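Enquirer: Here is how the chains run, residue by residue.
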Amino acid sequence: MKWGFEPDRISVGDWESRMPAVPVEFEEKCRFLRQIVPGGVRYLFSPYEYSCRGDVLLRRLKFDSSLEALRLWAFLFSEKDRLFLAKENGWKIVAAMKDLGQVPVLTYAFPETLTFYADELWWAPCFSEEPHLLDEAAKLGAGEELCFVRAALGAMVTLDYFPKPDLCIAGVGACCDDFSAIMQLIEGLGYPVHWWEMAARFDEPLESSTGVYRETGQGGSRYLSDTRLFLEGQLQSVVRRMEELVGMEATTDMLAGSRTLFNTIRGQVSELRDLVYSARRPPLPGLEMFLSEFIAIHTCSEPEESVFVLQGLLDLVRKRIERGESPFGCSEPVRVFWVTPPTDASLITILEDLGGCIAGTEYLISHAFLKLSTDVEPVSAVAENCLDDCMTGSPGFRARRVVEGARRYGAEGVIISGISGASHCPWDEMSIRLAVERELGIPVIAFDVPFSPGRPSEQVVNRIQGLVELLQERRGTSVSTASPGIMPPPEISSDPLLYFHNSMSTEVDQIRTQKRAGRGVVGIYCEFSPRDLILAAGALPVCLCGSSRRTIPAAETVLPANLCPLIKSSFGYIITNRCPFFVVSDLVVAETTCDGKKKMYELITDRKPQHILELTQKVDEEEAFSHWMKEVERLKIRLEEHFDTEITEGKLRNAITEMNRERTLLRNALLLGRNRPSIVTGLELASLRYRISGLPEHLRMLEQFVLEIEARGRRSGAVCSPAAPRVLLTGCPMAHGSLKVIEVIEESGGIVVVQETCSGWKPLDTLVDEEGDPLEAIARKHFSIPCSCMTPNSGRLELMDRLIGEFSVDVVIDLVWHACHTYSVESWLVEKHVKEDLDLPFLKIETDYSDSDRERLSVRIQTLLEMV
Amino acid sequence: MLEPGSRLQERCLARMETEFNEMREFRDSGGKTLGYLCQGFPPAAAAGLGMWPVRVLSETGIELEDKGGLLVRPDICPLVKVFLGGVSTGSGIYGLVDVWAGLTTCDQTRRCFSELPGLTGAVVHHFQLPATRSDASEAYYRRMVERFCADAAEDGYDQAKALKYANDRFSAGSVLVDAALSGAVSPLDLHWMFHLFHIARPEGLDGILTSLLEDAEPFRPEFRVVLAGSSISLEDVAILSILQSRKVDVVPLHCSGLQSLPAFDLNALPVSGEPRDLAGMAFRSIRCARSRPNEEMFGYIERGIVQTSSAGLIVKTMKFCDLWFTERERFRERMTVPVLVIDTSFSLGETERQIARVEAFLDTMVHR
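Order-wise, the sequence lines are chains H and X.
Residue 30 is where the first sequence starts when you use the numbering used here, and the numbers rise one by one after that.
Residue 4 is where the second sequence starts when you use the numbering used here, and the numbers rise one by one after that.
In isolation and in its complexed conformation, chain H is listed as follows:
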């Protein structure tokens, strides 16, 4: 596979620009849960996309530039997609808690189960730079006195990151009080919890004269034989509990099979560590190693795919070593051994920017790189591995392991990044610092990493900088003048085209800010949902995601395949929990337009509070309007109750004024399409379809957009040939991710001057009347939208007539998403009207979100345009 980029450390922006170059065959390899979805679900998306979906810390990191690293990141960030998809398909979801890499060996022996680590959620607030999980935990009593693992409790409340587990397996005893406290609160929420005791190893001092001591085969840790027997019993209890859950007895072969799989993973990670941490110029940056090491315990909830991901990295690393390549270029960075995983992953990027690299780690999971013994029963092997776990022993035991690791990889300094609030960190820090200084004589710095969304703690960065400078001095090389390399938060682009292209990430940031400030969020899917009313309730209306093909395979595990892609995509976003707006919505307005959507809403009632807004469809009858009016009134009452507010007439009028201004600005922008020859492309106009209404920045940018396009028109004239056929696109709505028909039209030489769709002019055709009863005015405006679900829908033809005249249209293309019956059937009327009454060329396109018919569409559209 050709991938023409040198090893480097690159940003999310760099990745985004390189994504089109990713070979298709590589993308095809990256698929998860093949057992559920035939062929598996594609997961190779860019870090930028995941940053838009909420993990905004990614924008501050630097990534290895290889395809294998891209796959690793995508695999990690698609974990929740797997969990939700598996749950939706009836698989058992198990939350392992507190043990580090032992319970999954037992649970994955059972078919149709996925196991995830709730503990891993401790990174979530830092990656999302957003404290809502911590806030949720605090409401239940888990405040700042606990470490960030309290985010797991918050996640159990919100279920943002994983579906409701069928079983939680909680290790307690000789481990961590913080998480023990959290797990108890989780049980208090009503989750089924199986408790098992993690036995203390009592590694020092060994004073028992009557006890029988043994050593673990892999890690050489001493333990009392009683302890192992006890642990075996505890782990047997886990197996029994799983048998009850799954309804199947675990055979030795099943357990041994799982052990083999995990040994493969452990072996891969162990080799990767040795290769990377031993190299003078590491062939892989610290962040990718950080992720890989943790795969040894959590497998990103899919051990089988983990093997492929890790094998890719191993092959890459071997190749780079053979060729003398490194993402660090020619320099030999100073070598730092890192103790305890940093809460803020950007600290690793900062260390590397400053001229350091990671040469060995003790992230509290070093026992998970040891293979499980194959000489004993699988459960005994897992018990033995528990006895190699640093957490269950003394601080001195861990200190020895740090010293051994730092010596082995030739570390020149040690960083101990403590976890704020963690009860074991103060003890470990003291022991490790003393042991390293005494036995290795190299510098050690220790700090607790605070939660500092948006930027790393300056104090911590200064400490790291100081250490790197000291190590450079000790090595005798010139002290680097590198800056900490802190990437500033992305600025809002002043170029309106760029702004609207990237508006999703701005909106994610905005909605979080507003939500944090206490503002409600109402999710909507359709133009019939009155945004004015939602704004009057003080909430933000946000159009939920539904325009990506990527969530369709997940949806098709529940929904029939012969359903419209918009509904499938929307549903897929929900069940894989990938719509960042749905996650924060307080209420979803579910309007009854088409049958598919109406029934889809029934499948998501348990996920968010929902208000059904029944749309009557006899648009010409006053009785139908009366019913609709009542529905709008009911929505008003629901919003008032839900947000504990009164929607006064004054609030309604203000909201109408605000929305009318927004509609007018959007209209002004779309009216740019009237210019002949055209000064704006259909794709540019389509990019204006943002999701959140009522954001002042959007309005400012809309004004700017009009000014820029007009200036461009004056400056350089048309964006296409004066002879380019002018297309009116009618039919189903489109959005980012489903714009292929516009792309094909414009690639074929046409220009889409106006869309008679809900993503174009249709909802903007009339404003809300600012006189008279404001609620009725809102109801009337929305009732007048000429959607194909209305009958008769003569308004659509009338609107088309006007637009065809106003925008000097040469040809009409009717876009119908597969299985959208109302638009598909109505297309016959539209075709007849266009051809017979208006004497214009007409083409009906029936397609979905996939790219597979792009060529076929291209031929058909080119043929049509040539006729004009």
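Hints listed in this document are in silico derivations from the structure and should not be mistaken for laboratory results.
Remember, predicted model here, so these are calculated numbers, not experimental data.
Where a beta carbon is used, it is the ideal one built from N, C-alpha and C, also for glycine.
Honestly, I wouldn't trust all of these hints.
[As the list claims (entries may be wrong)] Listed next, the stretches of chain X that the computed footprint assigns to chain H, with coverage defined by at least 3 CB atoms under 8 Å from CB atoms of chain H: (1) 99 to 111; (2) 122 to 135; (3) 142 to 150; (4) 293 to 305; (5) 328 to 339.
[As the list claims (entries may be wrong)] Some chain H residues near chain X, calculated using beta-carbon distances under 10 Å: (6) G170; (7) A171; (8) L175; (9) D207; (10) S423; (11) G450; (12) C454.
Fit chain X to the given chain H structure using the hints.
Expert: Frame of chain H; chain X shown alone:
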């Protein structure tokens, strides 16, 4: 040590000094004392080995805490820092302990005991007190206590002696149970009596405690509250003092109060001096927030509130004691009486805050 504030307390102090003197003589004659912190340890097992078991819960104050703070980072449990300071300097009762029963309970004590020999040269016998409440966990704990008895048995293990110790302790404990539930003994007097119980040998202690009660000043409370939570050291009396001054009776269900007495909850007389049986009894008597699940702890406190007609619940925890403190919302949710959960330290600056919070709590109770 805390200055006594009543005739009963003066007599308690005098009795404690007598015990300490006898402890010194016991050591001079070759005997060994065994110190322990957690009620989960069965002291009768140490008595069976000929040791003098003593529960060390005193001399807490900023002085020893500062000494302990020289050995560890400051952000750990104040009780553990005091303990480290006490052991490292050999101050007071800490200097009278020959060996320590190091029960791994919370993170702090587990790590403290594992580091203690290296930091101070102290001799520690390690035990894991399981957090889980299963039969297997109880059996594991029994085996650990048996192993300790085998390891430490210089002159064999005397079952009869252990059983007598347990029974004497039961009798002395019964006096305390009656006193605590009577509502007629002031919170501070009761507090002193419990501390005498923790360090004194139990033989004849029931008579001493009974005689002390004869000196108790009349206490006529206006209402009662249950005081739960982690251990309360002898000197840690800010909350008790304010409750007493407001004429509030205290039902001490915390770790160094009635929870130290298996008899109260289980009503079980020890019948065997075997280490495994003593360990099992101690294990079953635990009503700690650390237990998993900790439903028994909630049930114990709920029953205590109902049985004593208490009007409120105060849960006092030490700073950094996550296991009690994180239960605060569930306490508020579950209990049918007003609840105050307060985290405390030994700093003098803290006292005012504790007093202010308890007073505010009492005011709200009065005005309910």
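Enquirer: Checked against the structure, which of the hints given earlier come out wrong?
Expert: Structure breaks no hint.
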